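Got chain A sorted already, so can you dock chain B onto it with the hints?
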Amino acid sequence: MASSARLAPPRLALRGIGKRFGVTVANDGIDLTVAAGEIHALLGENGAGKSTLVKIIYGVQQPDEGEILWDGVPVTMGDPNAARALGIGMVFQHFSLFETLTVAENIALGLASREPIAALSGRIAATAARYGLAVDPGRPVHHLSVGERQRVEILRCLLQEPKLLIMDEPTSVLTPQEVEGLFAMLRRLAAEGCSVLYISHKLAEIQALCDDATVLRAGRVVAQCNPRTTSPSHMAEMMIGRALAAAPPRVQSAPGAAVLVAEGLSLPAEDPFGTALRAVSFMLRGGEILGIAGVAGNGQKALLAALTGERPAPRAEDVTLAGVPVGRKGAAARRRAGLAAVPEERLGRSAVAELSLTENALLTGTEGDFAAHGFVRFPLLRRFARGVIDTFKVVAAGEAATAGSLSGGNMQKFIIGREMGHAPKVLIAAHPTWGVDVGAAQAIHQALRDMAAGGVGVLIISEDLDEILSLCDRIAVLHGGVLSPAQAVGTVTIDEIGLLMGGMAHAA
Amino acid sequence: MDEVMIAALLVATLRAAAPLVLAGLGELVCERAGVLNLGVEGMMLVGAVVGFAATITTGSVWLGLVAAMLAGAAMAGVFAVLTLGLAANQVASGLALTIFGVGFSALFGAPYQGHPIPGLASVVFPDLSRAAPLVQQVLLIDPLVWLALAAPFVVARFLDRSRPGLILRAVGESHEVAHALGYKVLRIRTLATLFGGAMAGLGGAYLSLAYTPMWTENMVSGRGWIALALVVFSTWKPVMLALGAFLFGFVTIAGFQAEAWGIPLAPNLLATLPYLATILVLVLISRDTLRLKLNAPAALGKPFHPAG
Numbered sequence: 009m010a011s012s013a014r015l016a017p018p019r020l021a022l023r024g025i026g027k028r029f030g031v032t033v034a035n036d037g038i039d040l041t042v043a044a045g046e047i048h049a050l051l052g053e054n055g056a057g058k059s060t061l062v063k064i065i066y067g068v069q070q071p072d073e074g075e076i077l078w079d080g081v082p083v084t085m086g087d088p089n090a091a092r093a094l095g096i097g098m099v100f101q102h103f104s105l106f107e108t109l110t111v112a113e114n115i116a117l118g119l120a121s122r123e124p125i126a127a128l129s130g131r132i133a134a135t136a137a138r139y140g141l142a143v144d145p146g147r148p149v150h151h152l153s154v155g156e157r158q159r160v161e162i163l164r165c166l167l168q169e170p171k172l173l174i175m176d177e178p179t180s181v182l183t184p185q186e187v188e189g190l191f192a193m194l195r196r197l198a199a200e201g202c203s204v205l206y207i208s209h210k211l212a213e214i215q216a217l218c219d220d221a222t223v224l225r226a227g228r229v230v231a232q233c234n235p236r237t238t239s240p241s242h243m244a245e246m247m248i249g250r251a252l253a254a255a256p257p258r259v260q261s262a263p264g265a266a267v268l269v270a271e272g273l274s275l276p277a278e279d280p281f282g283t284a285l286r287a288v289s290f291m292l293r294g295g296e297i298l299g300i301a302g303v304a305g306n307g308q309k310a311l312l313a314a315l316t317g318e319r320p321a322p323r324a325e326d327v328t329l330a331g332v333p334v335g336r337k338g339a340a341a342r343r344r345a346g347l348a349a350v351p352e353e354r355l356g357r358s359a360v361a362e363l364s365l366t367e368n369a370l371l372t373g374t375e376g377d378f379a380a381h382g383f384v385r386f387p388l389l390r391r392f393a394r395g396v397i398d399t400f401k402v403v404a405a406g407e408a409a410t411a412g413s414l415s416g417g418n419m420q421k422f423i424i425g426r427e428m429g430h431a432p433k434v435l436i437a438a439h440p441t442w443g444v445d446v447g448a449a450q451a452i453h454q455a456l457r458d459m460a461a462g463g464v465g466v467l468i469i470s471e472d473l474d475e476i477l478s479l480c481d482r483i484a485v486l487h488g489g490v491l492s493p494a495q496a497v498g499t500v501t502i503d504e505i506g507l508l509m510g511g512m513a514h515a516a
Numbered sequence: 048m049d050e051v052m053i054a055a056l057l058v059a060t061l062r063a064a065a066p067l068v069l070a071g072l073g074e075l076v077c078e079r080a081g082v083l084n085l086g087v088e089g090m091m092l093v094g095a096v097v098g099f100a101a102t103i104t105t106g107s108v109w110l111g112l113v114a115a116m117l118a119g120a121a122m123a124g125v126f127a128v129l130t131l132g133l134a135a136n137q138v139a140s141g142l143a144l145t146i147f148g149v150g151f152s153a154l155f156g157a158p159y160q161g162h163p164i165p166g167l168a169s170v171v172f173p174d175l176s177r178a179a180p181l182v183q184q185v186l187l188i189d190p191l192v193w194l195a196l197a198a199p200f201v202v203a204r205f206l207d208r209s210r211p212g213l214i215l216r217a218v219g220e221s222h223e224v225a226h227a228l229g230y231k232v233l234r235i236r237t238l239a240t241l242f243g244g245a246m247a248g249l250g251g252a253y254l255s256l257a258y259t260p261m262w263t264e265n266m267v268s269g270r271g272w273i274a275l276a277l278v279v280f281s282t283w284k285p286v287m288l289a290l291g292a293f294l295f296g297f298v299t300i301a302g303f304q305a306e307a308w309g310i311p312l313a314p315n316l317l318a319t320l321p322y323l324a325t326i327l328v329l330v331l332i333s334r335d336t337l338r339l340k341l342n343a344p345a346a347l348g349k350p351f352h353p354a355g
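Chains A and B, in that order, give the protein sequences. So for the first sequence, my numbering puts the first residue at 9; every next one is plus one. So for the second sequence, my numbering puts the first residue at 48; every next one is plus one.
Among the clues, some could well be false.
To be verified - Subject to a maximum C-alpha distance of 30 angstroms in a straight line, what follows is the list of computed DSSO-like cross-link-like pairs (lysine-lysine):
#1 A:LYS433 <-> A:LYS401
#2 A:LYS337 <-> B:LYS340
#3 A:LYS171 <-> B:LYS231
Worth flagging that the hints you see were computed from the coordinates, not collected in a lab. Predicted model only: the values in this text are computed from it and were never measured.
Here chain A stands alone, though its shape is the one from the complex:
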């Protein structure tokens, strides 16, 4: 262990931390050491126990066993206030900000001191300038972009002069340029002596940023390594527990006829925190995969709703599906016309948690043979559900299992299989691999490629730029409700896409 050579006790040391939820073991005998001024990566798949471990360090949850040493002294983190008092700051993956409150009010709530907002605003501005985190203390948070919100979170931590900063998957919502800025800030912080615990599953980032890495799998520490000298594929293997097969090269099929066309599609925002669509136009051909990139909150929700028919468009000709104007039609009519959709929220929009997989299969299949003459044909439906489970290797206790009992990745595989089973002309998938483990993500990507190879037009809306670049033929960027013209993936650089995502480029 690199830190054992140092004379001073490590900033943070975990010894044999264990945590159970009922029969599920979230953490089991975890040892972790973070030295002062070190950027330490905590690496693992979804469900490997990273979040639980971090919550224990931050005092949100209590460990069942094991001890925590801070500067060599055993401590108990009864609640987040105790952790903050020691000098631990945390930037959450899902931002813990209050939408209607201002930046300064949000920061005040995270500080133990009772200084007045006016004095605090001055300190915020000073710290923001020092670390290059420009943000106006008086603005309400719901006016801020995702990147700005993260700056508020980081500022809230920095104002407490932390000795350990925990960052939970901080880059998943940032443009490539914002990621560079974040890394520069973290390096500066580490140089000043603050330790950073950096949680991620993005191996390239960890290699670029971190001094040391601890790999978790199924609640246990499986390895500790130096990310600068360990190859990403080896780290991936340690993380997943087996070698990852390389994706077969994409067989490019000749693009077919236009199957989904948006023409000057505009739609007002539905709620005060939403983004309106402004004259969105694109054309999706059969057999191709078109990716729509963009930072969350730039109109993705409105676009998905307008395309699926959840919110009808103002004019019929705004959306054309297989040559038929469907802009004014609802979701059911568009499904009948050959549209399939995989929304972002699995439970709630795609599936009903309390219903069985068989019943969930019926939800989008009411038009076909499954419900002839108004009666559900359960034997046929069960066979269909079983077919999806087998084809996509869905881990479930049979087709009678409830949707809520499946893990996120398995549920997503089932939903994509269900939609493919209806033989659509167009498939729209939003964040298809969000919160899905690496193995399942690979299976989902392969299924999407197979669909395109079969002549289906596939539209991917995703915040994960890596996903879009590896999967799609063409890419367009949504920013502030405006969609950039689509470009072939091979002809555009990451920098250009990053600028479009940040709304800073108009050339295309």
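Quick look at chain B alone, frame taken from chain A:
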């Protein structure tokens, strides 16, 4: 119309509005913390009857007011145990609280029915009836009316400027985030609910001890529901809520006045008018759904289970 009459009209307006302001502010604070308590009507009724009974038993109207606040808070305490402690549905529990309050106050108040007592204003100023007419009107502005005039500004300042107020708003905005930051969500919500109950009890007691100093069954007659409506239509702003309450008071008094002047009005219409006018005006003011959404506490009515 002479100045005595104008003064009488204004004072009567303030007096009619005071119970709405008091109960409404309590509910407003409660809702800003994220708790929707539909039991305001029931808590006002229990406050009214307990305050009245305590005043007769002890002979002190002040002890009566304290008893009313404690009774309202006790009702709210039951609600807090159910909805915050046991995470029961807030809407159903609140409705049950009102139904319970209606029944309990009728039962408990039966012996006191029609028993006259001196009103709050004549307790504070025993020589009230011998004062000059104009002075008499001014003296009718009793301490609780003054409280109803000052409280909206105090509550607004507390919510918008103080640190506890900021924490309370934060809890109502997102209990998950507040919990993650280490705030005691359930404790803060319980305190806000108890405050709401005490204020509702005080508003109810104003009706039975000052406005019409006697107990009659179901005397709150829907004012608790109006207070609830005022909270929403004021978009959770204390001063707006007070203005809405004063409008309600004014229409109530103007209706009586119109009758006195011989303007023919059906009695049913007269009784409905204040409710109708208040709702109508407030709906028109709060038409802006954007503002309504921005000001509404985002976690309102949502149960919170702290994760172990």
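### Query
Which of the numbered hints above does this structure break?
Nothing - there is no hint that the structure violates, so all of them hold.
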